[in-house]
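K.L.:
Here are the chains, one letter per residue:
2 protein chains.
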Amino acid sequence: MPSPTRPNVARGFVVPIGGAERKKRNPLILERFVALAGGNDGRIAILPTASEMDDTGPRYVELFEDLGIGSAVSLPINQRAEAEDEGLIAELEEATGIFMTGGNQLRLSTILGGTAVAKTIRHRSAEGVTIAGTSAGAAIMPEHMIAGGTPGATPTPNKVTLAPGLGLTNALVIDQHFRQRDRLGRLLAALSYNPFMTGIGLDEDTAAFIGPDGVFEVVGSGAVTVVDPSKLEYSSMGQAMRGEPVSLIGLRLHILTHGDRYDTVSRKATAGS
Amino acid sequence: MPSPTRPNVARGFVVPIGGAERKKRNPLILERFVALAGGNDGRIAILPTASEMDDTGPRYVELFEDLGIGSAVSLPINQRAEAEDEGLIAELEEATGIFMTGGNQLRLSTILGGTAVAKTIRHRSAEGVTIAGTSAGAAIMPEHMIAGGTPGATPTPNKVTLAPGLGLTNALVIDQHFRQRDRLGRLLAALSYNPFMTGIGLDEDTAAFIGPDGVFEVVGSGAVTVVDPSKLEYSSMGQAMRGEPVSLIGLRLHILTHGDRYDTVSRKATAGS
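Chains as they are written, first to last, in the numbering used here: chain C, 91 to 363; chain L, 91 to 363.
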């Protein structure tokens, strides 16, 4: 469950990005994130924990500064003990935007899960701070995170591995590099375990800007595949054997592109203008 | 449009198969086809035109004989002129089942399209003969055939090439090798051009046995992905630029496996027992 908000304080935007977002020409997603994080007056804290490359954090610092953020700082955390550091927590408390880079979402969840850093990200979100993440940084956002799986369109019982995520939303399960890595089957498998969530598959260079009202807007050059299992009439997930395809009857499917919106509460999609 | 039937004559089953159907252990699909084609008393005519390999036809002759068909014959046709041959037409008129092999569906459509062989297949279907086809042989069955396209889950205006098919059904557009070749995007693109059809994506070793009542049953080890665009609320296909993703709001999606059924008239899916 997301952290509770206080009266008259709106939750911040939660911005999962499908990976490989444009950084130089037409960086629509990062520009919009910089604006939500306060632009000239803002300060972005970058968490490069998912990545094992030392230059990932510094590269995003430079990028956000080029895009006009007031200041940006990279907070390298490579071990759980570092995620309790008071200096780092103070940085997160000061930030007006938090950005989680790509890499391996299991690295993110195993290093940050349950630490002071994870708790701080959650309460900063409840206090109105915008939290964005790309690729692995997007995968970790929901309560139920897709940790891994195999490609292909057809769901099977063992097609996906779920793990607890950061819990910035519990309405969605999020997959990324969606079109590029053929991930419909694992998203369907994740949904069929317990069809209370909506599934979103983010293409590369495509983001969902999830507002405090639970409505998200699509930004970027690809599509967001929305699978709504709320009207599911039948699932054979309970009986299917390992490797066997699973029957799912009565899913709703929307392909949303730049400017389209989806209300995760009413489960209604609307075309952009 | 399928050929009209005469009073009291039921149309034959139309059986598109997703390719790579099992031939030795548990050949459920081919066994069911052999039974529908009359079993011991039946005669199957094989059209290996899609394939450029000489042994494709003879291999299926042997296979169907092993599975207990009364007799089987391969009708090699490699040029349009051969598709007017009276001897071949007589073979098709005698057959109780017709089987089209895999290969290249454009080879099938360019060689057979508009010939006496194509017309005979159509009227034999209306007379009750079962027509099966695998891979390219499945693709060519509907009125609107998927001739080619590019892989990936997200539809774009140029993701798929359509061509006229044999017209054994006009309720469905059929894609094959579905899970194995990541073809959701091209199926969605094909549907979005004109959303009056239902789209089915057949995994390998998976078939739809379409009965004279328009209800099909799934047979095989994979899944049939059914996309029903009849409640489509919005499509941007009309405005999207080449290469740009297309918005599609309000699709229905079913993943059907062995024993499940779909009614192409009422557009209702039912789980098997």
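These are calculated hints, taken from the structure and not from any lab test. Check each hint, because a few of them may be wrong.
Which copy is meant is left open, because identical chains are indistinguishable; a pair holds if it fits in one copy or across any two.
Said to hold, decoys possible - Straight-line alpha carbon distances no greater than 25 Å define the calculated DMTMM-like cross-link-like pairs of lysine to aspartate or glutamate that follow:
| id | residue 1 | residue 2 |
| --- | --- | --- |
| 1 | Lys114 | Asp144 |
| 2 | Lys321 | Glu152 |
| 3 | Lys113 | Asp156 |
| 4 | Lys113 | Glu334 |
K.L.:
Provide an ascending list of the numbers of those earlier hints which the structure does not satisfy.
P.N.:
2
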